[in-house]
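Novice: Listed here are the chains, written in short residue letters.
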Amino acid sequence: MPDDFAPDSLDERIAAEALVVDVNGFEGPLDLLLTLSRTQKVDLRQVSILKLAEQYLAFVEEAKRLRIELAADYLVMAAWLAFLKSRLLLPPEPGEDGPSGEELAAHLAFQLERLEAMRRAAARLMARDQLGRDFFARGDTQMVERKKVVTYTATVLDLMQAYARVKTRDDFEPLHLKRGAVYTMEQALERMRGLIGHAMEWGDLRQFLPEAWRLDPKKRRSATAATFAAALELAKEGKVELRQSGMFEPIQLRRREI
Amino acid sequence: MGDDVQSLFEAPPLAEQERMVEAILFASAAPLSLATLNTRLPHGCDAAEAVALLKKRYIGRGVQLVRVDDAYAIRTAPDLGFLMTKEQIEHRKLSRAAIETLAIIAYHQPVTRTEIEEIRGVSVSRGTIDLLIELDWVKIGRRRMTPGRPVTFTVTQGFLDHFGLETPRDLPGVKELRESGMLDNRPPPGKGEGEEDGEGESETDDFFD
Amino acid sequence: MGDDVQSLFEAPPLAEQERMVEAILFASAAPLSLATLNTRLPHGCDAAEAVALLKKRYIGRGVQLVRVDDAYAIRTAPDLGFLMTKEQIEHRKLSRAAIETLAIIAYHQPVTRTEIEEIRGVSVSRGTIDLLIELDWVKIGRRRMTPGRPVTFTVTQGFLDHFGLETPRDLPGVKELRESGMLDNRPPPGKGEGEEDGEGESETDDFFD
Chain P
289 MPDDFAPDSL DERIAAEALV VDVNGFEGPL DLLLTLSRTQ KVDLRQVSIL
339 KLAEQYLAFV EEAKRLRIEL AADYLVMAAW LAFLKSRLLL PPEPGEDGPS
389 GEELAAHLAF QLERLEAMRR AAARLMARDQ LGRDFFARGD TQMVERKKVV
439 TYTATVLDLM QAYARVKTRD DFEPLHLKRG AVYTMEQALE RMRGLIGHAM
489 EWGDLRQFLP EAWRLDPKKR RSATAATFAA ALELAKEGKV ELRQSGMFEP
539 IQLRRREI
Chain R
7 MGDDVQSLFE APPLAEQERM VEAILFASAA PLSLATLNTR LPHGCDAAEA
57 VALLKKRYIG RGVQLVRVDD AYAIRTAPDL GFLMTKEQIE HRKLSRAAIE
107 TLAIIAYHQP VTRTEIEEIR GVSVSRGTID LLIELDWVKI GRRRMTPGRP
157 VTFTVTQGFL DHFGLETPRD LPGVKELRES GMLDNRPPPG KGEGEEDGEG
207 ESETDDFFD
Chain S
7 MGDDVQSLFE APPLAEQERM VEAILFASAA PLSLATLNTR LPHGCDAAEA
57 VALLKKRYIG RGVQLVRVDD AYAIRTAPDL GFLMTKEQIE HRKLSRAAIE
107 TLAIIAYHQP VTRTEIEEIR GVSVSRGTID LLIELDWVKI GRRRMTPGRP
157 VTFTVTQGFL DHFGLETPRD LPGVKELRES GMLDNRPPPG KGEGEEDGEG
207 ESETDDFFD
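Protein chains in written order, with the working numbering: chain P, 289 to 546; chain R, 7 to 215; chain S, 7 to 215.
Take the hints with a grain of salt, since some may be wrong.
To be verified - Listed below are several chain P residues computed to face chain S (Cβ distance under 7 angstroms; list not exhaustive):
1. Leu318
2. Tyr362
3. His395
4. Arg402
5. Gly420
6. Phe424
7. Leu445
8. Asp446
9. Ala469
10. Lys507
11. Ser510
Said to hold, decoys possible - Sample of chain P residues at the chain S side, in silico, Cβ under 7 angstroms:
12. Gly316
13. Arg355
14. Ala410
Keep in mind that the hints were calculated from the coordinates and are not lab data. Glycine is no exception: its CB is placed at the ideal position from the N, C-alpha and C atoms.
Excised from the complex, chain P in its bound form (with noise of 0.2 angstroms):
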């Protein structure tokens, strides 16, 4: 970064101040830009690219000064003005390649000739009469007696968030089990009504699980969840006892005699 670079006038200083202070207000480096290039005064075809990219150098070096923090975009934009100054100013190397100096400051003036021009199109967008200030629609539409068709209306926003939710919903409902993986305590209830009429004796709790759920861990943990559920269930009921011989000891279930 140069350190031999001085503002010209008091007058450069002060704005390049002020611009410091206001850096918030900037959209982005080549807007910045933009403001800067106004401060040479002449039409935007005209305006010198090295004495720019000088310009918003300087601006970086004083906002360093006041230590001020700029965004990493503004950042890289001084990296990139810093080279084509280089570019610019020292004839080429022999047998480089790329692009010529003039060609990436030609390209820049582009840019910022048409974000101008954009900008100026906006304004005269904005500037047209408009629909519910300048000219109106039809204030009553309701002219005849009701007749009642429903349609239902969703905007093309709504698809694609209602999508995005269903596609993301996993990331924020981590509980939200796979059904596939889960017994239930109805489940549990239906098949174990059907079985204890048979539980004369003692028997282990998990010797009433299905089948399909006794291998794999994360079913077996579920089946087994739910078959206690369920036996708590049958004995609040009256159907059955329990018991359990100490902690962590298998369950025991038999029928009540009634």
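Place chains R and S on chain P using the hints.
Specialist: Just chains R and S, lined up with the frame of chain P:
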């Protein structure tokens, strides 16, 4: 107010007043009284006269200037009421289940009901798909050549027309939605963003290519 | 349908068709296409001719018949906006970023998010395009046939209606901008020229010519 001040604010010509009344009555949601019209017209206008002119102008036209109590409104000519039946439409928003089902069909078509349920993680009621078919947004496609030969669902031309799409392929994928800021859902920290997005996209591609 | 059946449903005279179109357009807040008008009119009517007659009739009046894309609507004359303070809708003030993004989409359409970012020199922030879609000013266009097949954006009929434009060709200054190369999608020097941008340009041309 002195005479000389008033002359500075001379009323516009009657023909201009008539234009003004026409625009005001057209844009108003409710009938307007002469008194209200006079407060909205420039100083010195005579709403009664302008209304009378406008009323005459609309005689025999498709709309008329009618008096409602002591107010005025522009209304359809009574003999053309039969053309208006389509105007009374009640707009309802689609339920969350319906819009999600529709989105899945649009992104994954042709898709079976079981596949929709797998993607949504909940079952899809018969009525939801029936409604989408009735709206002419979804139709029954070919049967899938898998056991049970389940029917598939696809979206219709009516769907494309309603959503202003040329093809369902134009719908952005989840990754694009996120990148263009159309999606507020960010992946939770710690989850590899790349892998998940990549998957989402390739899935969409599979279905369309 | 056989000839004898058709003759039973002879179209009403053109003057009557004009009245009918007048009634239908007056009753609708949204623009209606010729196709929609034709489905609402009795068999054998020609909406295009009736619209042309009606348009002429309302020249210089307080309301006008305007064209919006391929549709038609009745709107109050813009010079009378000052009378409508009551009807004026409080517009949410758009951010500078949103306004510029809207203008870029309108003038460069169909345009990808990357192209918008290249023109503005900053990334499109979360929610900007979302907002423009919600306002019904921007919609998703065809995917660009370049690597990655990016989504494109275009403006809607609602946009044209809002800004009183018949077609995107009527955007202020669009011709001059095009002639001075400001709507070109020029690749930065040293980047693979031709392929992507050539296509981008030809597509834009399609849209405007």
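Novice: Now, for every hint given, state plainly whether the structure supports it.
Specialist: Quick rundown of the hints versus the structure:
no.	hint	result
1	Leu318	3 angstroms, holds
2	Tyr362	10 angstroms, violated
3	His395	5 angstroms, holds
4	Arg402	5 angstroms, holds
5	Gly420	4 angstroms, holds
6	Phe424	4 angstroms, holds
7	Leu445	5 angstroms, holds
8	Asp446	10 angstroms, violated
9	Ala469	36 angstroms, violated
10	Lys507	42 angstroms, violated
11	Ser510	40 angstroms, violated
12	Gly316	3 angstroms, holds
13	Arg355	23 angstroms, violated
14	Ala410	4 angstroms, holds
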